[in-house]
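Peer 1: Spelled out, the chains give:
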Amino acid sequence: MSINGTAPTLHDHRTVIEVSGLTKTFDNGRVTALDRVSLSVASGQLTVVIGLSGSGKSTLLRHLNGMHEPTSGSVVVLGRDVAALSQKELRELRRDVGFVFQSFNIVGRLSCLENVMSGALGRLRWPRYGVLSYPKAIRREALEQLDRVGLGERAFQRTDTLSGGQQQRVAIARTLMQKPRLVLADEPVASLDPEISGQVMDVLFRSCVEDDITVVCSLHQVDLAMGWANRLVGLRDGAVVLDTEVDASLDEARVMEVYQRLDPTGEKADEYEVAKPAAKPRVESAVGI
Amino acid sequence: MTILHARSAPEAPPTPPEPTFRPDTPPWTRERATMWAIGLTFVGVALYALYDIGVNPLTLFFERDDIGNLLERMWPPRIEEFGPIWESTLDTFFMAFVGTFIGVLLAVPLGFFAASNIVRWRLLRGVARGIIVFTRAIPELIFALIFVRVYSIGVLTGVLALGLHSVGMLGKLFADSIEQIQEGPREGVQATGSSRGQELTTGIAPQLIPSFIAITLYRLDINFRSATLLGLVGAGGIGLQIRAYQGQLRYQELLGVTLLIIALVVIVELVSTTVRGIILGHDKTNVSFWQKLRGGPKAADYRAEHVDTAAVAAATPMSQRRLRPPWDKERKTKYGVGVG
Numbered sequence: 001m002s003i004n005g006t007a008p009t010l011h012d013h014r015t016v017i018e019v020s021g022l023t024k025t026f027d028n029g030r031v032t033a034l035d036r037v038s039l040s041v042a043s044g045q046l047t048v049v050i051g052l053s054g055s056g057k058s059t060l061l062r063h064l065n066g067m068h069e070p071t072s073g074s075v076v077v078l079g080r081d082v083a084a085l086s087q088k089e090l091r092e093l094r095r096d097v098g099f100v101f102q103s104f105n106i107v108g109r110l111s112c113l114e115n116v117m118s119g120a121l122g123r124l125r126w127p128r129y130g131v132l133s134y135p136k137a138i139r140r141e142a143l144e145q146l147d148r149v150g151l152g153e154r155a156f157q158r159t160d161t162l163s164g165g166q167q168q169r170v171a172i173a174r175t176l177m178q179k180p181r182l183v184l185a186d187e188p189v190a191s192l193d194p195e196i197s198g199q200v201m202d203v204l205f206r207s208c209v210e211d212d213i214t215v216v217c218s219l220h221q222v223d224l225a226m227g228w229a230n231r232l233v234g235l236r237d238g239a240v241v242l243d244t245e246v247d248a249s250l251d252e253a254r255v256m257e258v259y260q261r262l263d264p265t266g267e268k269a270d271e272y273e274v275a276k277p278a279a280k281p282r283v284e285s286a287v288g289i
Numbered sequence: 001m002t003i004l005h006a007r008s009a010p011e012a013p014p015t016p017p018e019p020t021f022r023p024d025t026p027p028w029t030r031e032r033a034t035m036w037a038i039g040l041t042f043v044g045v046a047l048y049a050l051y052d053i054g055v056n057p058l059t060l061f062f063e064r065d066d067i068g069n070l071l072e073r074m075w076p077p078r079i080e081e082f083g084p085i086w087e088s089t090l091d092t093f094f095m096a097f098v099g100t101f102i103g104v105l106l107a108v109p110l111g112f113f114a115a116s117n118i119v120r121w122r123l124l125r126g127v128a129r130g131i132i133v134f135t136r137a138i139p140e141l142i143f144a145l146i147f148v149r150v151y152s153i154g155v156l157t158g159v160l161a162l163g164l165h166s167v168g169m170l171g172k173l174f175a176d177s178i179e180q181i182q183e184g185p186r187e188g189v190q191a192t193g194s195s196r197g198q199e200l201t202t203g204i205a206p207q208l209i210p211s212f213i214a215i216t217l218y219r220l221d222i223n224f225r226s227a228t229l230l231g232l233v234g235a236g237g238i239g240l241q242i243r244a245y246q247g248q249l250r251y252q253e254l255l256g257v258t259l260l261i262i263a264l265v266v267i268v269e270l271v272s273t274t275v276r277g278i279i280l281g282h283d284k285t286n287v288s289f290w291q292k293l294r295g296g297p298k299a300a301d302y303r304a305e306h307v308d309t310a311a312v313a314a315a316t317p318m319s320q321r322r323l324r325p326p327w328d329k330e331r332k333t334k335y336g337v338g339v340g
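Residue numbers (my numbering), protein chains in the order written: chain A, 1 to 289; chain B, 1 to 340.
Just chain B, with the same shape it has in the complex (with noise of 0.2 Å):
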């Protein structure tokens, strides 16, 4: 060692002190510091807004008879004629559904316009950003309101307005997540000597269908509770209804339509994690859904169905072998034949 030292290649590490005082906290970084004082903001900021528009909690509590009043107003719902609440009902929700799917065509494009790994041109992106933006900083009402100048009260308005300014919401998570994509798949599909549209659709495209299904069925359930609100200002459907209630002081016929409402929310929440069950899953691709609500077949029975039989196959001729997926279940439910 001490020719090592001569030669003074490496210095030797130096000798820690003595352990007198260790700490058992982490040590106060900038990090933490910061953590501490936007919780610390928040709070204060919170409390500060109570004071300031003189909101006082214990009027909850001191007004219980009021509410206890309207309650009593409310009960029991009623539903007056049922035929028409639903027909504008269904109305809502596909106003919902058709404003989801405008915004859907506009946000996937206006997303990779936006995503930097996508478009390296600085200008276009701003551009896409600036539309999604725009777009969600303006409240869906206040596009109704637009709109119900231009096209009057009915559906149309609704759609129109649901459906812009879900480009800010869908436009910015796409990008979002067009922007997290692993970059390995990707580069292996250049690597190939593919174009960049084959890179895309090959590359990108496949680790995208999961966070875009989910987003955009997240949108559709947002959307048929703000097309429900949209109908107050004259963009038709259950709103308007709802409006004429409560302008008529009908608190029962109010509740009836309201607990139909987050009947129809609940449905729309079931159905839409059910599907995103069925298409993301991947472990689970051939189980039915009861068999899924039972618990169904464990990984390893899959696995067990699927034994190594390279060596039949290869020796079969390739006039007898398969060139198309098998409609098994996974794909069955993929193109919506025969769920469950």
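Bound conformation, chain A alone (with noise of 0.2 Å):
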């Protein structure tokens, strides 16, 4: 299996994810945030979302694992409807599925290898506390896994004393540790330096590749999604308005695209407000968000 920037060959066929008409409105209906999005994701692919702010990136990701709703459509992941699971079938689904957030969402005051281990507590029968009460052959496996991410010597260390870089990194080991089939990365890397990101990436991509793990992530950074990446999904006001294979006739300019902030007569525009295409009906609606 191929580890460098290349794109892995894709042995398996099947499909992990199949979106289709998904449509997501907040405020009773005033506000769009996914607009009949369809996506069908093949397993062992990494898929790379990209978008402005605001076009509905996290909101899509956040559909599949059941953590929002959809108003319309169907999202079906590992050949489960996931709005009509129940709320144990949907806890059977997430042991599946790796999440890892922008906001790292790891506990600060538990130490590194403790958050790590939560990661099987799908795995695991009752409720803990403390890592003494783990069975030792998860306590190994997460040392593992943090030797993975890099910080194997930290495991006993509070995780609110790491930076924000390493952080994220336990955040990812504790991702590998669920032995997840499908990781869904939300902006893992936006407020960290081009640098920490560009690791910490890395550290995510490279580790799903070695396990033959399906990856969406939505990301800001091209350059690091055209090397990782062997799709490309862009999203503009809840619509998708890109969605290409990568190889080497891809072009960057159309890639960018997605990231320009156009109005209608094809001046460059500042505001998000005036960004939005007139042709579109629904204009009125979303100004003033």
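Quick caveat, the hints were computed from the structure, so don't treat them as lab data.
Among the hints, erroneous ones may be present.
What the hints assert, rightly or not - Selected chain A positions facing chain B (Cβ under 8 Å, derived; list incomplete): (1) Arg91; (2) Val107; (3) Ser111; (4) Gly119; (5) Leu121; (6) Arg128; (7) Leu132; (8) Lys136.
Stated by the list, open to error - Ranges of calculated distance between the beta carbons of each label pair, as one might list FRET restraints: (9) A:Glu245 - B:Arg196: 36 to 44 Å; (10) A:Ala84 - B:Asp328: 46 to 54 Å; (11) A:Gly29 - B:Asn117: 21 to 29 Å; (12) A:Lys136 - B:Gly277: 27 to 35 Å; (13) B:Phe94 - A:Arg80: 52 to 60 Å; (14) B:Arg276 - A:Glu252: 53 to 61 Å; (15) A:Asp160 - B:Arg196: 21 to 29 Å; (16) B:Met318 - A:Gln102: 26 to 34 Å; (17) B:Val127 - A:Ser20: 39 to 47 Å; (18) A:Gln102 - B:Leu47: 52 to 60 Å; (19) B:Gln252 - A:Asp160: 49 to 57 Å; (20) B:Glu31 - A:Arg140: 54 to 62 Å.
Beta carbons: idealized from backbone N, C-alpha and C, even for Gly.
Put the two chains together into one complex, using the hints given.
Peer 2: See below:
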């Protein structure tokens, strides 16, 4: 399996994610976050979702592990219709679906090892508190995952004493600890500087490729995305405006178009409200968010 | 730009008026008015109350001779027999301790039931809130007067009264701090597919420990002082002794006992502050009590001790790796071994 910049081979073409006609509105339909999004992701694929802030990337990802319920349309993940699952079934799905958050969402007062071990909670039966309440095998496994993200020596340090990049690496180790079949990452490096961002994304993508995990990740770093992803999806105002394989023929200008703020006259504009294409009927409803 | 206007997609922003008069005070908003109204009402009610109950602050000045007389009769403080006095003071302290313990035991589940981010079911939450408000509304003195009838004069009466009344404050503050937790870590644990119980212990409980400890220690402090008072109505301990002295007009002994209580309150406060600092302080983990007094090593030194040796660690075979937290100073103090 290749772990360099090129795309790994797709050995398995089973579909992991099947989103069709997904629409999500907030505030009783006054704000449309997702607009008839259809997307299908095959097993082993590394998909990067790009788009301006507010274009619906997070909303899309949060539908995929049941943190949002669709207004209309269907979301099928790992063969299960997410919206139709009971609480118990949803928990079972989430065991197979790792989620890496923009704000890390690790428990600061716990040690790194405990945070990583909490990724194994889905496999364990009872509530746990403290390192010693976990079985030895789990502790060993968590140490190995910490080693993978380069924090093996900090196992017993409290996570809130770590830097941002290190905290996100702990979160990644927690996700890997789940042994997921699918990892969703929601702008995992949005709060980090470019160099640390590169390191963290490398850790995440390398581990997922090594473990043969399907990845859907939203990112702003187009260069990073072009280096690792084998598929790029662009969102604008909640609709898919770009969906392409990443290969040598992909033109970067075409990708950057997703990020362009254009007003109807073709001039560049600064205001987000102005950037909405006038042709769409729901311009008025979206003004003033 | 003309093209843009012709299509009339966005309106041009209105030109601001000429800056002739610019106020240098914040605008008179409703919030500000309310704040002023509250403040003025408070002062007004206080003044009216003084007038209504006939308290004249000048009395403090005119009656200064009486105050002087009383102080003269109290001086010098005296403790007649130290043994029994000390024993009943200890009784009072343990009464407060057990009372607080019972209070915490009852208040922790009640706090969780009353927190809106834990329990969705309004009825259950309402019942929990109801119990909390009820126990807080009834003063421990009333509880004590009731329990004295049932269990007669003794420490048990005080323990029950303190325990039940503590539930009110502890439960409310516990519930408040549960409602203030960060949702992020909780969501993070949730996303791993954990059960509700696991979410509670891993995502929520660690966030609560500092505030729960602080609240409990504060309540212990309050309960110690209340326990003294409860003795006056027959809950045992030093309070009974105080009532006896007061009845016999033995003011010197009264002052002696009072000073003893003050000393104990100060000691309780010092100990709880130190304990809280050691348990909660996260940047001075491996610093001894004395080091802390001297200023202790700085965070940079602490970081220097933990140099990144991840590569070395990864090369070590798993059989030789540490699988339980080291017994460093932080962990020892956490379990009460070798404080300082």
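Peer 1: That 49 to 57 Å hint for Gln252 (chain B) and Asp160 (chain A) (C-beta), does it hold up?
Peer 2: Holds, at about 54 Å.
Peer 1: Using the nearest Cβ pair, does Arg128 (chain A) come within less than 8 Å of chain B?
Peer 2: Since the shortest Cβ distance to chain B is 6 Å, the answer is holds.
Peer 1: Honestly, do Val127 (chain B) and Ser20 (chain A) meet the 39 to 47 Å range at C-beta?
Peer 2: About 45 Å separates the Cβ atoms of Val127 (chain B) and Ser20 (chain A), which means 39 to 47 Å holds.
Peer 1: Next item in the hint list is Leu121 (chain A). Is there a CB on chain B closer than 8 Å to its CB?
Peer 2: OK, holds: Leu121 (chain A) within 8 Å of chain B, min 4 Å.
Peer 1: Can you verify the interface hint for Ser111 (chain A): is its Cβ closer than 8 Å to any Cβ in chain B?
Peer 2: holds, 7 Å
Peer 1: Holds or violated: the 21 to 29 Å window for the beta-carbon distance between Gly29 (chain A) and Asn117 (chain B)?
Peer 2: holds, 27 Å
Peer 1: Double-check Gly119 (chain A) for me: the hint is only fine if its C-beta lies closer than 8 Å to a C-beta in chain B.
Peer 2: Since the shortest Cβ distance to chain B is 5 Å, the answer is holds.
Peer 1: Does the hinted range 52 to 60 Å hold for Phe94 (chain B) and Arg80 (chain A) at CB?
Peer 2: holds, 58 Å
Peer 1: Does the Cβ pair Arg276 (chain B), Glu252 (chain A) satisfy 53 to 61 Å?
Peer 2: Hint holds: Cβ distance 56 Å, inside 53 to 61 Å.
Peer 1: Could you say whether the range 54 to 62 Å given as a hint is met by the Cβ separation of Glu31 (chain B) and Arg140 (chain A)?
Peer 2: holds, 57 Å
Peer 1: Would the hint on Val107 (chain A) be counted as holding, given a Cβ-Cβ threshold of 8 Å to chain B?
Peer 2: Since chain B brings a Cβ to about 4 Å from Val107 (chain A), closer than 8 Å, the hint holds.
Peer 1: Kindly confirm whether 26 to 34 Å is satisfied by the beta carbon distance between Met318 (chain B) and Gln102 (chain A).
Peer 2: holds, 33 Å
When each numbered hint is compared with the structure, no violation occurs for any of them.
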